[in-house]
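Chemist: Chain by chain, the residues run as shown.
Protein chains: 2
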Amino acid sequence: MATKSIKTKQITPFQLLVAFYFLAILFSFLLLRIPAVYQEGKEVSALDSLFTAVSAISVTGLTVFNVADTFTNFGVLVLLIIVQLGAIGVMSFGTFIWLLIGKRIGLRERQLIMIDFNQPQLAGVVRLLKEIIKILFLIETVGTLILSIHFLRYFDTWPEAFKHGLFAAISATTNSGFDITGESYKPFYYDYFVQFISMILIVLGAIGFPVLVEVKHYLTKKDPAFRFSLFTKITTATYGVLFVVGAVVILISESFYSMRGLPWHERLFAAMFQSVSTRSAGLTTIDVELFNEATDIFLSFLMFIGSSPSSVGGGIRTTTFAIAMLFLINFANGRKEIQVFGREICLDDILRSFVVIILAAFMVLMATMVLVMTEPYATTTEIIFEITSAFGTCGMSLGITENLSGAGKLIIMALMFIGRVGLISFLYTLGGKAQKPKYRYPRERIIIG
Amino acid sequence: MATKSIKTKQITPFQLLVAFYFLAILFSFLLLRIPAVYQEGKEVSALDSLFTAVSAISVTGLTVFNVADTFTNFGVLVLLIIVQLGAIGVMSFGTFIWLLIGKRIGLRERQLIMIDFNQPQLAGVVRLLKEIIKILFLIETVGTLILSIHFLRYFDTWPEAFKHGLFAAISATTNSGFDITGESYKPFYYDYFVQFISMILIVLGAIGFPVLVEVKHYLTKKDPAFRFSLFTKITTATYGVLFVVGAVVILISESFYSMRGLPWHERLFAAMFQSVSTRSAGLTTIDVELFNEATDIFLSFLMFIGSSPSSVGGGIRTTTFAIAMLFLINFANGRKEIQVFGREICLDDILRSFVVIILAAFMVLMATMVLVMTEPYATTTEIIFEITSAFGTCGMSLGITENLSGAGKLIIMALMFIGRVGLISFLYTLGGKAQKPKYRYPRERIIIG
Ligand SMILES: [K+]
Ligand SMILES: [K+]
Numbered sequence: 001m002a003t004k005s006i007k008t009k010q011i012t013p014f015q016l017l018v019a020f021y022f023l024a025i026l027f028s029f030l031l032l033r034i035p036a037v038y039q040e041g042k043e044v045s046a047l048d049s050l051f052t053a054v055s056a057i058s059v060t061g062l063t064v065f066n067v068a069d070t071f072t073n074f075g076v077l078v079l080l081i082i083v084q085l086g087a088i089g090v091m092s093f094g095t096f097i098w099l100l101i102g103k104r105i106g107l108r109e110r111q112l113i114m115i116d117f118n119q120p121q122l123a124g125v126v127r128l129l130k131e132i133i134k135i136l137f138l139i140e141t142v143g144t145l146i147l148s149i150h151f152l153r154y155f156d157t158w159p160e161a162f163k164h165g166l167f168a169a170i171s172a173t174t175n176s177g178f179d180i181t182g183e184s185y186k187p188f189y190y191d192y193f194v195q196f197i198s199m200i201l202i203v204l205g206a207i208g209f210p211v212l213v214e215v216k217h218y219l220t221k222k223d224p225a226f227r228f229s230l231f232t233k234i235t236t237a238t239y240g241v242l243f244v245v246g247a248v249v250i251l252i253s254e255s256f257y258s259m260r261g262l263p264w265h266e267r268l269f270a271a272m273f274q275s276v277s278t279r280s281a282g283l284t285t286i287d288v289e290l291f292n293e294a295t296d297i298f299l300s301f302l303m304f305i306g307s308s309p310s311s312v313g314g315g316i317r318t319t320t321f322a323i324a325m326l327f328l329i330n331f332a333n334g335r336k337e338i339q340v341f342g343r344e345i346c347l348d349d350i351l352r353s354f355v356v357i358i359l360a361a362f363m364v365l366m367a368t369m370v371l372v373m374t375e376p377y378a379t380t381t382e383i384i385f386e387i388t389s390a391f392g393t394c395g396m397s398l399g400i401t402e403n404l405s406g407a408g409k410l411i412i413m414a415l416m417f418i419g420r421v422g423l424i425s426f427l428y429t430l431g432g433k434a435q436k437p438k439y440r441y442p443r444e445r446i447i448i449g
Numbered sequence: 001m002a003t004k005s006i007k008t009k010q011i012t013p014f015q016l017l018v019a020f021y022f023l024a025i026l027f028s029f030l031l032l033r034i035p036a037v038y039q040e041g042k043e044v045s046a047l048d049s050l051f052t053a054v055s056a057i058s059v060t061g062l063t064v065f066n067v068a069d070t071f072t073n074f075g076v077l078v079l080l081i082i083v084q085l086g087a088i089g090v091m092s093f094g095t096f097i098w099l100l101i102g103k104r105i106g107l108r109e110r111q112l113i114m115i116d117f118n119q120p121q122l123a124g125v126v127r128l129l130k131e132i133i134k135i136l137f138l139i140e141t142v143g144t145l146i147l148s149i150h151f152l153r154y155f156d157t158w159p160e161a162f163k164h165g166l167f168a169a170i171s172a173t174t175n176s177g178f179d180i181t182g183e184s185y186k187p188f189y190y191d192y193f194v195q196f197i198s199m200i201l202i203v204l205g206a207i208g209f210p211v212l213v214e215v216k217h218y219l220t221k222k223d224p225a226f227r228f229s230l231f232t233k234i235t236t237a238t239y240g241v242l243f244v245v246g247a248v249v250i251l252i253s254e255s256f257y258s259m260r261g262l263p264w265h266e267r268l269f270a271a272m273f274q275s276v277s278t279r280s281a282g283l284t285t286i287d288v289e290l291f292n293e294a295t296d297i298f299l300s301f302l303m304f305i306g307s308s309p310s311s312v313g314g315g316i317r318t319t320t321f322a323i324a325m326l327f328l329i330n331f332a333n334g335r336k337e338i339q340v341f342g343r344e345i346c347l348d349d350i351l352r353s354f355v356v357i358i359l360a361a362f363m364v365l366m367a368t369m370v371l372v373m374t375e376p377y378a379t380t381t382e383i384i385f386e387i388t389s390a391f392g393t394c395g396m397s398l399g400i401t402e403n404l405s406g407a408g409k410l411i412i413m414a415l416m417f418i419g420r421v422g423l424i425s426f427l428y429t430l431g432g433k434a435q436k437p438k439y440r441y442p443r444e445r446i447i448i449g
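Residue numbers (full-length UniProt numbering), protein chains in the order written: chain G, 1 to 449; chain E, 1 to 449.
Just chain G, with the same shape it has in the complex:
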């Protein structure tokens, strides 16, 4: 009995994850209280520093002030470090937790992970993490080099070009979406090269680290028996579909509105960049406040979906959305299982995806109700946009972030936090330990819908 009650009080991996995030936020908050971070004469309240810390650790990028006008060069460096910490910490922890869950579930899953990653169990976790960090730094380094050289067009000195290249590369790869231009990617509206490179960096950061690792294994071809995991196939396919659908809807919706009369290539790039950006990056080449309300609501929906699990992004996650959609389609056709890419989806994953979607929708609803009261100056669309942007750790805004009330900032911070940790992890942190029911009751059907 004694050992059992101790075991019950043991910290779960999910609680560990949440605790780690709290620590990271505290650390970042303290860094952001160093006066040298801010330009002379800029007063930043403790709440605003905390907001910035949460926004950076969760790589959301929502800001209550203009970074370029407020931060010193030292401040920008501090911000970069926090963002990098948020991205790497999350990634490694996310992957670590993922493996732990796999281990918890049973032998079958352990074998699956071993097969998928071509490696021997827990002994390989550290190697996997190292591999992921290596890949991330590689991507960021290449991105920084390319962008820095290109930015010599805009800046006279190497240090200036490097500063902007480094910040842009890290901001894109970590999908943090912060900017030191003062107006996101709008200065690069005509620079398709920067947009193209950034889109690639954004996708690499948000597609999911297991995907990157698998692609690396595939390319190095050490194992002839290698196959891509179902996860990689589903998340990549969903990412692709969301990108195309997003770009097409923005293109059509705004061609009659804010993009009317623009040349086709400007429309195309603006639509593509916005579509990619809603997965998690939050960078913008155009002023989203000019979009019509229907596009705003659609973008909110895309941000709500977010990016891949085990990536730098948030939201309900691509796989969650994909599984729910596949189940709906199959259900309408009288089937109760999902077969995709030559595999059958586990019932547990179907149930889990439904739980995440409904819980997230409920959370957005509650947050909307509160913000409608605390932010009377904002329209409901602006509020929903801000909320889904925070939950999807996307960081786009229709411009209300700087005006948020104290209560509004707290809610948005909570949403960024939950979006980043992941709703399932958050739920497991709150919930108790699994308890098997002592006896089972007979089943009975009821009427639904």
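Watch out, some of these pointers could steer you wrong.
To be verified - Which residues of chain E face chain G? A partial, calculated answer using Cβ under 8 Å:
1. Phe354
2. Ile358
3. Leu427
In case anyone wonders, no lab produced these hints; they're calculated from the structure. Every value quoted in this text rests on a predicted model; they were computed, and no experiment measured them. Glycine included, every Cβ here is placed at the ideal spot set by N, Cα and C.
Please arrange chain E with the ligands on chain G, whose structure you already have, making use of the hints.
Modeler: Chain E with the ligands alone, transformed into the frame defined by chain G:
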């Protein structure tokens, strides 16, 4: 092979239900094109007649014109007949389909229905329907008598009092929410007796007909082995919880706003009546346009839930909401089954409730995107309120119904229709026949959320 392809083309019970609704709407539309329905000098377009037909058959009660100012006495009678047709037709068909589904699913469910209704299978269906219609007429007759006598306070002649008593009783019992006062139940703001009787009628109509039948069986006590079905227990409990939570939230939210300074009993009755009304009735004793936006969004959520399956109401339905909530709570605590009232919920019903909620939310989202474009004068909150009111066949409005564009009217009509038919039935109508997969693939876990 030949017989099989004929069988595939056979009409399903769900398609029959939808076809029946279309016929009923056509019939009502033709009735509403009779010139004597409208007062002299009132021009009502074919689209507006169709809108009224859909609104009446789906017992929603949204109107593009003021019924009192537009309809003749004959018109009011026609409207009552259509509403009654909508309510009875739906009810009998709903119950019929329910039994058919039970039959389709297998022997176990057939036995359950037999046990729950204490009757021998299909032979008992007609008797059950007769019983339901008898109960409905009994409720309406008693309601009409009580209200007519009471209305002698307001009207000088018996015929006038009877006309208003009859209309109010039928409007409340069928939860149609139409009014001939020209301003819903606002004239009865101080008349708690009318409000109380109407609330009872509304609840009896929306609680679900199987519940009424079971209560009747319980009261007449012919069978000592009788027990209430799980369905009755869940839907009644949910109805009760929603009523209390709804009233409390409205009371708190509006005590600082539109109800500020009112005596406690006025606030209490206004909050209770509005809470009951959101299940499906749509009658209002106060001007909902005076509510604050947070209350509006909360009411939208309540209307989205709607009332019991197999009742006169719409929405996702109480049981759907209850099962999803119970599963979320159990899931957070590490359990994957739901035990409630000494029974275990079937997995199929859990999946079905998730499907309904997500599909409904998706539908509301899509409709919002369209209406935001077609109704530029309306705020997003007004649009969401109108949409959920239509889907929940509730019929409350923040005042935009009369201004709706043609496209807007079509969307709202579609939502009323789907809300009434039920999303599951609608989905099955669209979907193909169940097809067993020829072979099964191995299962593979993926990362969710
Ligand atoms: K971001
Ligand atoms: K109604």
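Chemist: Does each hint hold? Answer for all of them.
Modeler: Verification of the supplied hints:
Using the Cβ-Cβ criterion of 8 Å, the hint placing Phe354/E at the interface with chain G is satisfied: the shortest such distance is roughly 4 Å. Among the interface hints, the one on Ile358/E holds; its C-beta lies about 6 Å from the nearest C-beta in chain G, closer than the 8 Å criterion. Look at Leu427/E: its Cβ gets to within about 5 Å of chain G, closer than 8 Å, so that hint holds up.
The earlier numbered hints are all upheld by this structure, with none contradicted.
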